[in-house]
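Engineer: Now for the letters of each chain:
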Amino acid sequence: GAGVSQSPRYKVAKRGQDVALRCDPISGHVSLFWYQQALGQGPEFLTYFQNEAQLDKSGLPSDRFFAERPEGSVSTLKIQRTQQEDSAVYLCASSLGRGGIIDTQYFGPGTRLTVL
Amino acid sequence: GQNIDQPTEMTATEGAIVQINCTYQTSGFNGLFWYQQHAGEAPTFLSYNVLDGLEEKGRFSSFLSRSKGYSYLLLKELQMKDSASYLCAVRDRDDYKLSFGAGTTVTVRA
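Line by line, the protein sequences give chains A and B. For the first sequence, the working numbering assigns the number 1 to the initial residue and increments by one for each residue that follows. For the second sequence, the working numbering assigns the number 117 to the initial residue and increments by one for each residue that follows.
No lab work stands behind these hints, which were simulated from the structure alone. Be aware that a few hints might be false.
Said to hold, decoys possible - Restraint-style ranges between C-beta atoms, simulated for each label pair:
no.	chain 1	residue 1	chain 2	residue 2	range
1	B	Glu171	A	Gly16	45 to 51 Å
2	B	Arg182	A	Arg64	24 to 30 Å
3	B	Asp168	A	Ser5	18 to 24 Å
4	A	Ile102	B	Pro123	34 to 40 Å
5	A	Gln41	B	Arg182	24 to 30 Å
6	B	Glu193	A	Gln17	46 to 52 Å
For every residue, glycine included, the Cβ atom is placed at its ideal position computed from N, Cα and C.
Excised from the complex, chain B in its bound form:
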């Protein structure tokens, strides 16, 4: 089974940086995904890590440490439109199923 933990809520100021942590305990691991989900909308893909280290994509970066069962999503230069839920998901070793955390609601204030 999968146990994936992330904080429930975070608040930050426009222009600032926020780091969303995700820890996981899984029976198998074949990659970690971050999705963004605005209220009432589809989750949209942000990033993917399967090897240790940092993946940078514009204002968003994601880090993975497989030995620690730990990932974080870093959002830089926050904009109001970044207010959303951020979902951490682990793909199991069978290479298809995603197990999600409960999501972190980020609120960006002016």
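So here's chain A without its partners, still in its complex pose:
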């Protein structure tokens, strides 16, 4: 059984470039999350999907950040006009999301974004 996969694992962008980060959740997982992790810090919530519906985007730091999950499986996090403060590891997590008590979130390895 494959876990959560993310691509690319590393991305270097020049300031002002647009980037797209991909997440493949565990098959059958309804819920999908994006987190941002700065160096030496814990992950910070960005956004949450239940199937294709984006139910919470309160953590997106600016309108340059956009996430989608059009068919309820693969998700893409897009950052437009990247800035140096966007440099971080972007983690994707998925969970069954079917009302289970624990509903553990399983994380991918992340994409390390460096903006020069």
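We have chain A already, so just place chain B on it with the hints.
Structural biologist: Just chain B, lined up with the frame of chain A:
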């Protein structure tokens, strides 16, 4: 909002026991998770507490006191491979979002 505190670093000897404390102040609470994260890797799930008390899983145990807003992760019989960051995370009452502490880096020395 959530305010989650845990120590930045801890060092222990191989074979010893280490206890990582986590305190939280949250606007809502629906469970506390501990994750292990090796450098450059994904956080991996270790334990979950939603009721007060101790949950034991092999060498790892986790304790929760909801009235005190307090949890700890106990690592027994430490091995070199346990050197990692340990993240405390609280799930809010909306039942999906996790709020993480900054993580505790544990270094196991021979």
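Engineer: Are the hints correct? Go through all of them and say.
Structural biologist: Hints and how they fare:
The hinted range of 45 to 51 Å is satisfied by glutamate 171/B and glycine 16/A, whose Cβ atoms lie roughly 48 Å apart. A hinted range of 24 to 30 Å is violated for the C-beta pair arginine 182/B and arginine 64/A, which are about 39 Å apart. Between aspartate 168/B and serine 5/A the Cβ separation comes to about 37 Å, which falls outside the hinted range of 18 to 24 Å. The hinted window of 34 to 40 Å between isoleucine 102/A and proline 123/B is violated, with their beta carbons roughly 26 Å apart.
With their beta carbons about 25 Å apart, glutamine 41/A and arginine 182/B fall inside the hinted range of 24 to 30 Å. Look at glutamate 193/B against glutamine 17/A: about 48 Å separates their beta carbons, and that is inside 46 to 52 Å.
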